[in-house]
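Chemist: For the protein sequence lines, the chains are A and B, in the order given. If you read the first sequence in the numbering used here, its first letter stands for residue 1, the second for the next number, and so on. If you read the second sequence in the numbering used here, its first letter stands for residue 1001, the second for the next number, and so on.
Don't take each hint at face value.
What the hints assert, rightly or not - Restricting the straight-line Cα-Cα distance to at most 30 Å, the calculated cross-link-like pairs of lysine-lysine (DSBU-like) are:
#, chain 1, residue 1, chain 2, residue 2
1, B, Lys1017, A, Lys17
2, A, Lys17, A, Lys70
3, B, Lys1070, A, Lys70
4, A, Lys89, B, Lys1017
5, B, Lys1089, B, Lys1017
6, B, Lys1089, A, Lys89
7, B, Lys1017, B, Lys1070
8, A, Lys17, A, Lys89
What the hints assert, rightly or not - Here are the simulated distance ranges between beta carbons:
#, chain 1, residue 1, chain 2, residue 2, range
9, B, Cys1040, A, Glu92, 28 to 36 Å
10, B, Arg1078, A, Met45, 34 to 42 Å
11, A, Glu36, B, Gly1058, 35 to 43 Å
Just so you know, these hints were derived from the structure itself, not from any lab. All values derive from a computational prediction rather than experimental measurement. For glycine and all other residues, C-beta sits at the position ideal for the given N, C-alpha and C.
There are 2 protein chains.
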Amino acid sequence: MDDQTFARFDARARILKALAHPTRLFIVEELSRHGERCVCELTEMIGADMSTVSRHLGLLRSAGIVSDRKQGAQVHYRLRVPCILDFLKCVETVLQANAQQQEALLG
Amino acid sequence: MDDQTFARFDARARILKALAHPTRLFIVEELSRHGERCVCELTEMIGADMSTVSRHLGLLRSAGIVSDRKQGAQVHYRLRVPCILDFLKCVETVLQANAQQQEALLG
DNA sequence: TGGTAATTTGCCAGTTTAGCCAAATCGCTG
DNA sequence: CAGCGATTTGGCTAAACTGGCAAATTACCA
Chain A
1 MDDQTFARFD ARARILKALA HPTRLFIVEE LSRHGERCVC ELTEMIGADM
51 STVSRHLGLL RSAGIVSDRK QGAQVHYRLR VPCILDFLKC VETVLQANAQ
101 QQEALLG
Chain B
1001 MDDQTFARFD ARARILKALA HPTRLFIVEE LSRHGERCVC ELTEMIGADM
1051 STVSRHLGLL RSAGIVSDRK QGAQVHYRLR VPCILDFLKC VETVLQANAQ
1101 QQEALLG
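Build the full structure now, drawing on both the sequences and the hints.
Modeler: In structure tokens:
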């Protein structure tokens, strides 16, 4: 694999890596449902330290998945790319396929 | 976030984590194009140690993304879930959005 | 049965990630 | 400007991920 090809796949991998965490997936789903949330709301829902949630949000932002809007002392985040959801439907499909295989194996 | 909710998102995160690596994305794309490949072919294309490629394939398999078929001493892998590709189209969309924003910032 | 090619697994060292606390910022308001 | 709430960042430790080498396994063939 030459450098250019690697760069192509590495860029994609970085996006996926940004999504590959339960807390960040929760954030993505919540933003897709509610449209916009501030850090404090998400922190409340997630139940982790606010600094941790802020870091997750920063990671999603630097991957280009969410954008932020400051409103006074608060920062509101929203999804930047709507197709993320189709995206997650496919993950769902994989999960279902896995479950079916499990059933088949168990008999 | 209660335990059950966490489990839901964690299962999805595990799928995404399995895809979140340049070599594994390369494998997924190659399998989507060619249908089936053995470890030695993929190793040749990727240019890493065969043990490394084998590990990546094992990871994709245990996530339910690929399945394998033994044929003599060779093991052939194939995609198990076709929608993975739509999936990656969305990643592409994110990348394009990022690129456009970059241009806007520079311009 | 011995030899060879294809694949997987054990092991190790280097790198990255996650999460918490504490400290620093930022934006208001008195 | 001091104080307060919201958010981010620095620092640290524990855990997870990577990749290569060597050893073990597996399938086939002479």
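Chemist: Evaluate each hint against the coordinates.
Modeler: Outcome of the hint check:
1. B/Lys1017 / A/Lys17: Distance ~6 Å between B/Lys1017 and A/Lys17 Cα, so the pair holds.
2. A/Lys17 / A/Lys70: The given pair, whose Cα atoms are some 26 Å apart, holds under the 30 Å limit.
3. B/Lys1070 / A/Lys70: Given that 30 Å is the threshold and the Cα spacing comes to 56 Å, the pair is violated.
4. A/Lys89 / B/Lys1017: Given pair A/Lys89, B/Lys1017 holds - Cα atoms ~16 Å apart, limit 30 Å.
5. B/Lys1089 / B/Lys1017: Between B/Lys1089 and B/Lys1017 the Cα gap is close to 17 Å, so the pair holds against 30 Å.
6. B/Lys1089 / A/Lys89: Measuring from Cα to Cα gives roughly 13 Å; hence the hint holds.
7. B/Lys1017 / B/Lys1070: OK: B/Lys1017 and B/Lys1070 at ~26 Å, within 30 Å.
8. A/Lys17 / A/Lys89: holds, 17 Å
9. B/Cys1040 / A/Glu92: 28 to 36 Å: 33 Å Cβ-Cβ, so the 28 to 36 Å window holds.
10. B/Arg1078 / A/Met45: 34 to 42 Å: holds, 40 Å
11. A/Glu36 / B/Gly1058: 35 to 43 Å: Given range 35 to 43 Å: holds, Cβ gap about 41 Å.
Hint 3 from the list above is the single one not met by this structure.
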